[in-house]
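Please take these sequences and the hints and turn them into a complete structure.
Just so you know, the sequences run in chain order X and F.
For the first sequence, my numbering gives the first residue as 1, with consecutive numbering after it.
For the second sequence, my numbering gives the first residue as 1001, with consecutive numbering after it.
Just so you know, the hints here were simulated from the structure itself, not pulled from any lab data.
Heads up, the beta-carbon is just placed ideally off N, CA and C, and yes, glycines get one too.
One or more of the hints may lead you astray.
Stated by the list, open to error - To give an idea of the interface, some chain X residues facing chain F are shown, with a C-beta separation under 7 angstroms as derived from the structure:
id, residue
1, Gln26
2, Glu39
3, Asn50
4, Ala58
5, Ala64
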Amino acid sequence: MINNSQHSDREAVDPGAIDSVFDILQERDRRYVLYFLLEHDRVTVQDIANVVTGWVNANSSEMADKDDRDAIATDLRHRHLPVLIESSLVDYDRSTESVSLAPCPEPIRAIIERACSEETGS
Amino acid sequence: MRLADFLERVEETNRSIEIYAPQPQMELVDQFEHRNITTEYRSLPDASDDGFLIVHENGTFHASIGLSAVREFLEPPIPEPWNDHFVGAEYSRLLEILENTLTHPLSRRQLLATARDIEHRAWHIGTGTLRAGFQQFSAFDHQLTVYDRLGRETDLEIHVYGQSDWTAPIALAPTIHTETAEEIGEFWFLVYDGGDDPRGSYALLAKEGSYGEFTGFWSSDPILVADLDAYLLETYG
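Here it is as structure tokens:
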């Protein structure tokens, strides 16, 4: 079986894919969805809303409450997840209401990892 | 009206905590398990600096807070009430997350840590009434010097309630109430009316079960605290 990412590695990445990933990364909540999916194969939409809420507020000394969480959940459902799915960066599984990172060329993944490191690292 | 009625005002809640971090946080897990809260660890990418935790109540999101704000929790949270360590402590914020929920079982250490938070608050504000019930006065022995100093060095009015025929040392600053009521032997409580600070009120109430474990809650709800204070005043003086 051909390893998909290695195979893609040898080819030039479609410029359209680069445009698309930078477009996606413009929005903070979408970035954090991708960061978490770098680490976890499949995450329910409920869970991803919790994670984004906790993570984007992690450096604040205030706690985030259920209202904060619900606002982020609504935004994810109606705005960000459809864009992520449309871009083919994220797969959605209807039966489990969960999302996962779609197989993507290594350079695209590297861009997401770099953004994660810069934004959430020290 | 009985002390047990106040437990019924607070609903039993099933709480759990998810810890998100690049590395497992064993010290944090220990701290929460000490408080009888189940924890689950979920990894963040290695590049991440730090993490956060999410508190779930009955299976739904209740609150989240950054781990940097939780670090304070790692310090043994039982300093003396006059210790400035507590001022602005993130630890209090965690107590906030966990307040107004009936928790079972609670350990003595857990109750003592929470009691110290209330004593610190009372020490800092320095006015108002503090009512403490330690079940048996033998349990109060360890607390005696703390409460005597609280009484001498502040304008606090302090009442201590307990069962048994303990003879209080002469010239003790707190007012000692020796009671025969069964509930005084069963409940550990600390009720502070907040004195001059309208947001200072805080109470802890826990009932001891047959195996030495406690069921109880703590709360900064001013109405609940005022009702508890009024009940104790009317019933025991």
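Against the structure, the hints:
With a cut of 7 angstroms, the hint placing X/Gln26 at the interface with chain F is violated, because the nearest CB-to-CB distance is about 20 angstroms. With a cut of 7 angstroms, the hint placing X/Glu39 at the interface with chain F holds, because the nearest CB-to-CB distance is about 5 angstroms. The beta carbon of X/Asn50 is positioned within 7 angstroms of a beta carbon in chain F (closest approach about 5 angstroms), and the interface hint is therefore held. Because the closest C-beta pair between X/Ala58 and chain F is about 4 angstroms apart, less than 7 angstroms, the hint holds.
At a threshold of 7 angstroms, the smallest CB-CB gap from X/Ala64 to chain F is about 5 angstroms, leaving the interface hint in force.
Checked against the numbered hints given earlier, this structure breaks only hint 1.
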